[in-house]
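Residue numbers (my numbering), protein chains in the order written: chain A, 1 to 345; chain Z, 1 to 340.
If you're looking for bench data, these hints aren't it; they were derived computationally from the structure.
Keep in mind that a hint or two might mislead.
Per label pair, the in silico range of CB-to-CB distance [stated by the list, open to error]:
1) A:57 to Z:60: 34 to 40 Å
2) Z:313 to A:75: 48 to 54 Å
3) A:175 to Z:74: 46 to 52 Å
4) A:82 to Z:160: 50 to 56 Å
5) Z:104 to A:171: 38 to 44 Å
The beta-carbon is built from N, C-alpha and C at its ideal position, and this holds for glycine as well.
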Amino acid sequence: MTLPKIAIVGFAHSPNVAATHGTTNGVEMLIPCFEKLYAQLGITRSDIGFWCSGSSDYLAGRAFSFISAIDAIGAMPPINESHLEMDAAWALYEAYAKIATGEVDTALAYGFGKASASDVDLTLSMQTDPYTVAPLWPHARSLGALQARAGLDAGTWTEADMAAVAARTSGGSVDDLLGADYVADPLRAHDIAPYTDGAAAVILATEERARELVANPAFITGWDHRIDSPNFGARDLTVSPSTKLAGDTAFGDRDRAVDVAEIHAVFTHEELIVRQALGLPESVRINPSGGAMAGNSLFSAGLQRIGYAAHAILAGEASTALAHAAGGPLLQQNMVVTLSSEGQH
Amino acid sequence: MSTRPTTDPVAEVPAPATEILSAPLTNTFAYTRSLGPVLSPFALALREGRILGSASSDGRVFVPPVEFDPATGKATTDLVDVATVGTVTSWTWQPEPAAPQPLDRPFAWALIRLDGADTALLHAVAVEDAATMSTGMRVHAVWRAARTGLITDISHFEPGDAAATAPANTAELPTESNGRVVVATPISTRIEHSATEAESVFLEGIAGGKLIGNRMASGVDAGRVYFPPRDVSPADGAPPAEFVDLPDTGIVTTFCIVNVPFQGQKIKPPYVAAYVLLDGTDIPFLHLILDCPADEVRMGMRVQAVWLPREEWQHSMGNISHFRPTGEPDADYASYQEYV
Numbered sequence: 001m002t003l004p005k006i007a008i009v010g011f012a013h014s015p016n017v018a019a020t021h022g023t024t025n026g027v028e029m030l031i032p033c034f035e036k037l038y039a040q041l042g043i044t045r046s047d048i049g050f051w052c053s054g055s056s057d058y059l060a061g062r063a064f065s066f067i068s069a070i071d072a073i074g075a076m077p078p079i080n081e082s083h084l085e086m087d088a089a090w091a092l093y094e095a096y097a098k099i100a101t102g103e104v105d106t107a108l109a110y111g112f113g114k115a116s117a118s119d120v121d122l123t124l125s126m127q128t129d130p131y132t133v134a135p136l137w138p139h140a141r142s143l144g145a146l147q148a149r150a151g152l153d154a155g156t157w158t159e160a161d162m163a164a165v166a167a168r169t170s171g172g173s174v175d176d177l178l179g180a181d182y183v184a185d186p187l188r189a190h191d192i193a194p195y196t197d198g199a200a201a202v203i204l205a206t207e208e209r210a211r212e213l214v215a216n217p218a219f220i221t222g223w224d225h226r227i228d229s230p231n232f233g234a235r236d237l238t239v240s241p242s243t244k245l246a247g248d249t250a251f252g253d254r255d256r257a258v259d260v261a262e263i264h265a266v267f268t269h270e271e272l273i274v275r276q277a278l279g280l281p282e283s284v285r286i287n288p289s290g291g292a293m294a295g296n297s298l299f300s301a302g303l304q305r306i307g308y309a310a311h312a313i314l315a316g317e318a319s320t321a322l323a324h325a326a327g328g329p330l331l332q333q334n335m336v337v338t339l340s341s342e343g344q345h
Numbered sequence: 001m002s003t004r005p006t007t008d009p010v011a012e013v014p015a016p017a018t019e020i021l022s023a024p025l026t027n028t029f030a031y032t033r034s035l036g037p038v039l040s041p042f043a044l045a046l047r048e049g050r051i052l053g054s055a056s057s058d059g060r061v062f063v064p065p066v067e068f069d070p071a072t073g074k075a076t077t078d079l080v081d082v083a084t085v086g087t088v089t090s091w092t093w094q095p096e097p098a099a100p101q102p103l104d105r106p107f108a109w110a111l112i113r114l115d116g117a118d119t120a121l122l123h124a125v126a127v128e129d130a131a132t133m134s135t136g137m138r139v140h141a142v143w144r145a146a147r148t149g150l151i152t153d154i155s156h157f158e159p160g161d162a163a164a165t166a167p168a169n170t171a172e173l174p175t176e177s178n179g180r181v182v183v184a185t186p187i188s189t190r191i192e193h194s195a196t197e198a199e200s201v202f203l204e205g206i207a208g209g210k211l212i213g214n215r216m217a218s219g220v221d222a223g224r225v226y227f228p229p230r231d232v233s234p235a236d237g238a239p240p241a242e243f244v245d246l247p248d249t250g251i252v253t254t255f256c257i258v259n260v261p262f263q264g265q266k267i268k269p270p271y272v273a274a275y276v277l278l279d280g281t282d283i284p285f286l287h288l289i290l291d292c293p294a295d296e297v298r299m300g301m302r303v304q305a306v307w308l309p310r311e312e313w314q315h316s317m318g319n320i321s322h323f324r325p326t327g328e329p330d331a332d333y334a335s336y337q338e339y340v
């Protein structure tokens, strides 16, 4: 079956900041994103055919928190809307599927999270197995550290390799970074993406609508998402089979030497794992936006990666791009999207 | 075809114009979980101070046990005892333990492959410092006295390869005659909740005995007054125009008589929970109607707020104890039918 050509036509995100004054329902961060997109594309909210969001009630500390976020859209006249408890990259996938059904010609996915409202490292432990892991309340960074050491012990990467990832984002030197103390041995502060409050929104459209809205639509040429076992003690933590499979499907037989790749890595070693799994050549510009290392805005950081990959095409800075989004502890779920200015499948 | 330029994707968020109120909220509850045919025997073994693994069709032993083989998807049928001693396959240091974690002093997290297992279990290892830890070191389980079937029945691990015997179980355990175990897993999150700008104005108002709403500027809700005030119209996201001081009188638009007792109930049934539409507003809110028999409350009844003594006022709608009938003639149905 041949899918219709669908493109990303707009992306906006609120600044990734350590803390905001806003509520956990994200309205204060989302409204400026939507207003910017409406103005940029010359549309109103009524032009959006389908809305889908990603967020977490655990992060918000109240049930059905995503319902309050709909204030930022307005539900009159009644809207076509859905939500999932994952990074909004997965909401964008649902939006893509909705357009592919032919029911709508535009769709908007948004995500939000206020990390500063709780001890997120602890809150995220509730993503783990409720019988055998979550009752121990391991910090998210502790699980990341177990994965980092597995790779160090196996000789798959070194602490200097990890620091080099951080140095590319921060502009610091690897030697200076390696002089810092461990915060979760063998992770140093520079190995851990800082949690931020943030929200993001991405608009998709059919080919016809996309060409009306923007000069350079970022056409989707491949998309897949896969999952590894949640039983991380039974996995080889140094590799990511789900990323490899998602990447193989998304790329098909197309060239992997894309102009830009946005990788959703919240620890430096995760970027090394994902790059290896995707088989990206050295020529690829990795995370020109700074990636999640510049701000780990929960439930929108993955959507931001897709947004930034598309933005490079929308802005005429790239003709091909890749985005990766991850969910769950230890790279459990992985999504790969390929984008092109040409839209060739 | 469009030729619109693409701009920087960052959308600036304006700072709030007024002070934002915030307060902590701690949610605490226990999930009651029913364990199936694999995790029930695992839980029962933990209560006895033993550790069970699941054998997969390729001969690998998973600890913790898995209900389905992740490679083949086949249901697990064989459960086997493994040792309570094992080898650290990866570890990290927890310099400042959080309250719910296994140990209250700095400790190591480790992935531990127990003897007889092919996969690793996450747990805490009690050692003095990170320098004591190494991949490949041998550790053994230390058991709690009160064991209910959770992974925390293992208090922690300690260095050394001699197995420690579990003390006699001191937990009060439910009778689970069918071999299926039910466990309670406590959850607690502390969230710092922030009010919106409009909610902050509303809460500051009510703390001083004033009821403040706001009027919507445009769109579907143009001219309508919300109480409590909203940052945007929930109908279409349009911004509000202005705050409005409101009287504490209004009418009952609709109501129900509560006859059913429930946990945490503060008033003896029967009593009336009603939608009250304050004079000058366009949306009713839920409150109590007291000071009259429940069966006399009716739609259109005029009511007025009864406030708590001033010294008890907080940033809360609870400052209004309830509404009481004023005795004025009822409102015509036509005057409020759009709000029912």
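*Against the structure shown, which of the earlier numbered hints fail to hold, in ascending order?*
Structure breaks hint 2 only.
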